[in-house]
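Colleague: Here the protein sequences come in this chain order: P and D.
Quick note on this note's numbering: the first sequence kicks off at 1 and runs consecutively.
Quick note on this note's numbering: the second sequence kicks off at 340 and runs consecutively.
Do not rely on the hints blindly, as some may be mistaken.
Here are the simulated DSBU-like cross-link-like pairs (lysine-lysine), alpha carbons at most 35 angstroms apart as the crow flies [what the hints assert, rightly or not]:
#1 Lys335/P to Lys370/D
#2 Lys335/P to Lys650/D
#3 Lys635/D to Lys453/D
#4 Lys308/P to Lys453/D
#5 Lys446/D to Lys244/P
#6 Lys377/D to Lys635/D
#7 Lys635/D to Lys334/P
#8 Lys453/D to Lys334/P
#9 Lys39/P to Lys370/D
#10 Lys662/D to Lys39/P
#11 Lys650/D to Lys334/P
#12 Lys453/D to Lys414/D
#13 Lys662/D to Lys48/P
#14 Lys334/P to Lys651/D
#15 Lys334/P to Lys446/D
#16 Lys650/D to Lys244/P
#17 Lys60/P to Lys115/P
#18 Lys453/D to Lys60/P
#19 Lys335/P to Lys377/D
#20 Lys307/P to Lys39/P
#21 Lys635/D to Lys244/P
#22 Lys335/P to Lys414/D
#23 Lys41/P to Lys453/D
#24 Lys635/D to Lys662/D
#25 Lys446/D to Lys48/P
#26 Lys662/D to Lys325/P
#27 Lys307/P to Lys60/P
#28 Lys115/P to Lys414/D
#29 Lys335/P to Lys662/D
#30 Lys60/P to Lys377/D
#31 Lys41/P to Lys446/D
#32 Lys635/D to Lys335/P
#33 Lys635/D to Lys446/D
#34 Lys335/P to Lys651/D
#35 Lys377/D to Lys244/P
#36 Lys39/P to Lys335/P
#37 Lys650/D to Lys48/P
#38 Lys370/D to Lys662/D
#39 Lys370/D to Lys334/P
Everything labelled a hint here was simulated from the structure, so no lab data went into it.
Quick caveat, the model's predicted, so the values are computed rather than measured.
For reference, the chains in residue letters:
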Amino acid sequence: MNRLPIGWLALTFASLCFAQDPATPQPASAPDDLLAASKVKLRAALEKTAAITDVAYTAKWAEDTKKKADPNAMMFGAPSAGALAGSSHPGLRTATFEGENGDELVVAGPRTIAKDGNTGWTLRAGRFADGNAIEFLPDPALLLEQLAAWDLAVVHREVGALDDRPVETVTVALTADQTTQALYAGVIPPALTSGAFGGMVFQMAGAGGARAAPPAPESTLDLAITFDPATGLVQQVRFRSWTKQEAGGRVFRAGGGAIAVRAVAGVQIGGRGGDDAEEEEEDDEKPEAGKAGPLQYEGGLPVRPRKKTSVVDYTVRLRDHGTAKAPALTDEQKKLLRL
Amino acid sequence: MPAVLAICVANLALAQDASQPVDPLVAARTKLRTALEKTAALPDTAYRASWAPDHKNQDAQKERANLLASAGQGKVGGSWHAGLVTCTFDGDLGDELLVAGRRTLAKAQNEDWKLRCGRFADGNAVDFVPDPELLLEQLASWELAVMHRDVGSLDDHPVEVVSVALSADQVTAAVWSGLVPPVLAANTMNAFAMLLAARAGGQRPPAAQPTSTVDLAISFDPATGLVHQVQFRSWTKQPDRPGQAMVVRGGVVQVALGGQPGAKEKEEQEEAEEETRPQAGPMQYEHGLPVRPRSKQSVMDYTVRFLEHGKKAAPALSAAQQKLLRL
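Modelling step: build the complete structure from the supplied sequences, incorporating the hints.
Modeller: Have a look at this one:
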């Protein structure tokens with residue numbers, strides 16, 4: 001007992017070293033080789049999930065803010081928000097929106113039928129049953145397919161749990177081109193890159209002239225993709241956009257389409273008053289955010305300074321991979337959809 | 340003898356039935372429905388479509404129309420095939436669209452095809468893409484009120500032109516289901532007030548139904564039973580304040596600020612002149628469309644011309660196009 005072998009001492013010392021590891025601060029980003037491995041796994045998961053039909057999903061987009069109500073923002077409305085559940089099948093997609101209107105949509109090929117609490121199934125093009133325009137309709141299959149096709153810049157990875165399922169979450173920084181493509185191809189809601197007017201922009205005609213290309217979105221778009229390493233299936237895709245506000249706190253951004261503010265005579269758009277108070281409030285939110293040091297992550301998304309920035313989230317949760325049942329369509333629905 | 344008399348009377352009655360002319364509007368309606376159904380069932384057909392304000396020397400109206408010209412007009416050519424619609428827009432930008440199922444590809448001049456959703460290749464919103472097959476199919480399924488029929492020619496084709504007055508519900512369905520461009524039928528309710536109401540929190544109000552009157556003239560070849568042209572003309576009462584108009588399209592509020600000094604007076608003068616003209620008498624028609632007073636009315640036309648019925652070859656899609664469309 002008094003004469004411990006040198007090998008035993010070495011093992012004990014090594015064990016002590018390993019035991020200390022959890023207590024030492026973790027680097028904010030995983031080593032490059034881990035990120036490279038995650039990128040490979042991520043692409044495989046995206047391709048595998050994109051190839052699966054009959055998937056259920058929930059999707060939600062809304063501004064992520066802790067600010068107090070702004071009278072001007074209330075006047076013009078908050079950035080558009082939406083929440084819905086549905087499923088995707090070969091040649092068919094369903095969506096049921098949250099809210100009192102009871103909006104439902106069924107999309108088959110180029111045809112869309114809509115229904116709400118007051119109106120039965122009726123043929124629509126880009127509109128709800130009551131005639132209001134549909135700002136955005138998620139297409140999970142398109143989302144996964146596009147992400148799988150892109151060269152994604154993986155900047156972080158972490159493990160965690162989602163609905164009691166062990167998952168790996170990979171953080172991606174989208175390029176400006178990828179952000180533009182995501183917007184123009186309908187992968188993300190326009191509200192994600194538009195800010196306080198929710199894509200509603202003002203065009204004062206009067207000068208005529210040729211159509212100008214809309215300015216590309218300038219928002220920074222972070223992306224966290226969560227997949228189950230055991231099954232290799234994507235469980236959640238989460239975008240967070242950061243759009244810098246213009247002077248006065250109002251955000252004017254490309255997003256919903258062409259922005260052209262021309263010949264604005266005597267038109268004043270309300271700006272947010274009390275910038276000082278706002279800045280003070282935002283400074284209180286995250287004292288460490290944006291300060292020097294490695295980027296911090298929450299739920300796979302980078303923590304960035306929110307001062308004078310509009311933050312909008314878009315989350316798609318995938319469920320019942322390959323087992324979600326397509327709804328049995330009535331004869332009336334089939335006739336309208338020409339099925 | 341009584342039997343012979345009875346037969347004679349019966350024969351006379353039958354002869355009278357046969358000689359009774361069938362109501363030409365009823366007959367036209369039957370032929371029209373058959374033509375719509377037959378043409379709708381014919382893929383591989385080419386089309387040309389255009390929509391634009393229709394103004395006849397009314398400067399004030401023309402001015403407003405010009406202000407909103409970019410919003411209110413378009414011209415395209417294309418074809419539809421089984422599961423595929425092609426669309427090429429007139430203009431310097433060379434915009435093209437390919438629609439297959441739920442996917443749309445867009446291309447601009449000297450650029451590659453790109454996946455798009457409701458946008459041109461350069462990112463601008465596409466206000467309207469004609470769907471001629473849907474148009475014919477929907478018209479065939481509606482109970483159309485035939486008001487007038489005429490015969491004429493179209494590109495040296497003898498055609499029968501049938502005039503239809505769409506009901507308010509049909510106009511709403513036509514706009515909301517994408518049969519006609521949204522600019523064709525507007526609502527005179529203040530769009531900005533609607534916008535604010537919709538976005539001020541609370542429950543979403545239903546969209547206001549179009550208040551426009553929409554006339555429709557459908558030309559078909561009685562020999563082949565194929566539709567050659569569908570022409571809509573809408574009549575929308577202008578806002579009370581001349582020189583201003585606001586439309587919402589593709590999430591964009593467009594405000595036309597215009598009105599030259601004296602334009603209002605000129606318009607009022609024209610209105611007075613128009614009102615002094617004799618209006619009594621039956622409705623007059625020009626090319627199958629009713630002639631209505633244009634005073635304080637915004638008039639828009641949407642015309643779809645059908646060509647090469649069933650003979651237009653589908654474009655050969657490249658591997659890149661097929662991949663983007665997931666074909």
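Colleague: Run every hint past the structure and note whether it holds.
Modeller: Verification of the supplied hints:
Between Lys335/P and Lys370/D, the direct Cα distance comes to roughly 23 angstroms. Compliance with the 35 angstroms bound is thereby established for this hinted pair. With a CA separation close to 27 angstroms, the supplied pair Lys335/P and Lys650/D stays within the 35 angstroms bound. A distance of roughly 43 angstroms separates the Cα atoms of Lys635/D and Lys453/D; the hinted pair therefore is violated under the 35 angstroms criterion. Proximity of Lys308/P to Lys453/D is assessed by CA-CA distance (about 34 angstroms); at most 35 angstroms being required, the pair is judged to hold.
About 31 angstroms separates the Cα atoms of Lys446/D and Lys244/P, which keeps this hinted pair within 35 angstroms; it holds. For the hint pairing Lys377/D with Lys635/D, the CA-to-CA distance comes to about 39 angstroms; that exceeds 35 angstroms, so the pair is violated. A distance of roughly 43 angstroms separates the Cα atoms of Lys635/D and Lys334/P; the hinted pair therefore is violated under the 35 angstroms criterion. A C-alpha spacing of about 31 angstroms is found between Lys453/D and Lys334/P, which places the hinted pair at or below 35 angstroms, so the restraint holds.
Between Lys39/P and Lys370/D, the direct Cα distance comes to roughly 63 angstroms. Violation of the 35 angstroms bound is thereby established for this hinted pair. Under the criterion of a C-alpha separation no larger than 35 angstroms, the hint pairing Lys662/D with Lys39/P is consistent with the structure, at around 23 angstroms. Between Lys650/D and Lys334/P the CA atoms are separated by roughly 28 angstroms; this keeps the pair inside 35 angstroms, and the hint holds. Between Lys453/D and Lys414/D, the direct Cα distance comes to roughly 21 angstroms. Compliance with the 35 angstroms bound is thereby established for this hinted pair.
Proposed proximity of Lys662/D and Lys48/P is supported: the alpha carbons are some 17 angstroms apart, at most 35 angstroms. For the hint pairing Lys334/P with Lys651/D, the CA-to-CA distance comes to about 28 angstroms; that is within 35 angstroms, so the pair holds. A threshold of 35 angstroms between alpha carbons decides the hint, and for Lys334/P with Lys446/D the separation of about 32 angstroms falls inside it, so the pair holds. Proximity of Lys650/D to Lys244/P is assessed by CA-CA distance (about 54 angstroms); at most 35 angstroms being required, the pair is judged violated.
As the CA atoms of Lys60/P and Lys115/P are separated by approximately 20 angstroms, the hinted pair is consistent with the 35 angstroms bound. A C-alpha spacing of about 26 angstroms is found between Lys453/D and Lys60/P, which places the hinted pair at or below 35 angstroms, so the restraint holds. Among the hinted pairs, Lys335/P with Lys377/D is consistent with the structure: their alpha-carbon atoms are about 17 angstroms apart, no more than 35 angstroms. Restraint check for Lys307/P and Lys39/P: satisfied, since their Cα atoms lie roughly 32 angstroms apart, inside the 35 angstroms limit.
A distance of roughly 45 angstroms separates the Cα atoms of Lys635/D and Lys244/P; the hinted pair therefore is violated under the 35 angstroms criterion. Pair hint Lys335/P plus Lys414/D holds up; C-alpha atoms about 30 angstroms apart against a cutoff of 35 angstroms. Straight-line distance between C-alpha atoms of Lys41/P and Lys453/D comes to about 27 angstroms, which keeps the hinted pair within the 35 angstroms bound. Distance restraint check for Lys635/D and Lys662/D: the Cα-Cα separation of roughly 51 angstroms exceeds the 35 angstroms cut-off, and the hinted pair is therefore not satisfied.
Only pairs whose Cα atoms come within 35 angstroms are accepted, and Lys446/D paired with Lys48/P is accepted, the gap being roughly 29 angstroms. Distance check on the hinted pair: Lys662/D and Lys325/P sit about 27 angstroms apart at the alpha-carbon level, within 35 angstroms; holds. Note on Lys307/P and Lys60/P: the hinted pairing holds, with a Cα-Cα distance of about 24 angstroms set against a maximum of 35 angstroms. Distance hint between Lys115/P and Lys414/D is fulfilled; the C-alpha atoms sit about 32 angstroms from each other, no more than 35 angstroms.
Between Lys335/P and Lys662/D the alpha-carbon distance is near 29 angstroms, which keeps this suggested pair within the 35 angstroms criterion. Of the pairs offered as hints, the one joining Lys60/P and Lys377/D is violated, with about 44 angstroms between alpha carbons and a cut-off of 35 angstroms exceeded. Using a Cα cut-off of 35 angstroms, the hinted pair Lys41/P and Lys446/D holds, with the two alpha carbons roughly 33 angstroms apart. Note on Lys635/D and Lys335/P: the hinted pairing is violated, with a Cα-Cα distance of about 41 angstroms set against a maximum of 35 angstroms.
Among the hinted pairs, Lys635/D with Lys446/D is inconsistent with the structure: their alpha-carbon atoms are about 40 angstroms apart, more than 35 angstroms. Distance check on the hinted pair: Lys335/P and Lys651/D sit about 27 angstroms apart at the alpha-carbon level, within 35 angstroms; holds. Under the criterion of a C-alpha separation no larger than 35 angstroms, the hint pairing Lys377/D with Lys244/P is inconsistent with the structure, at around 56 angstroms. Our distance criterion of 35 angstroms between C-alpha atoms is broken by Lys39/P and Lys335/P, whose separation comes to about 45 angstroms.
The straight-line distance between the Cα atoms of Lys650/D and Lys48/P is roughly 41 angstroms, outside the 35 angstroms bound, and the hint therefore fails. About 43 angstroms separates the Cα atoms of Lys370/D and Lys662/D, which puts this hinted pair outside 35 angstroms; it is violated. Pair hint Lys370/D plus Lys334/P holds up; C-alpha atoms about 27 angstroms apart against a cutoff of 35 angstroms.
Violated hints for the displayed structure, listed by number in ascending order: 3, 6, 7, 9, 16, 21, 24, 30, 32, 33, 35, 36, 37, 38.
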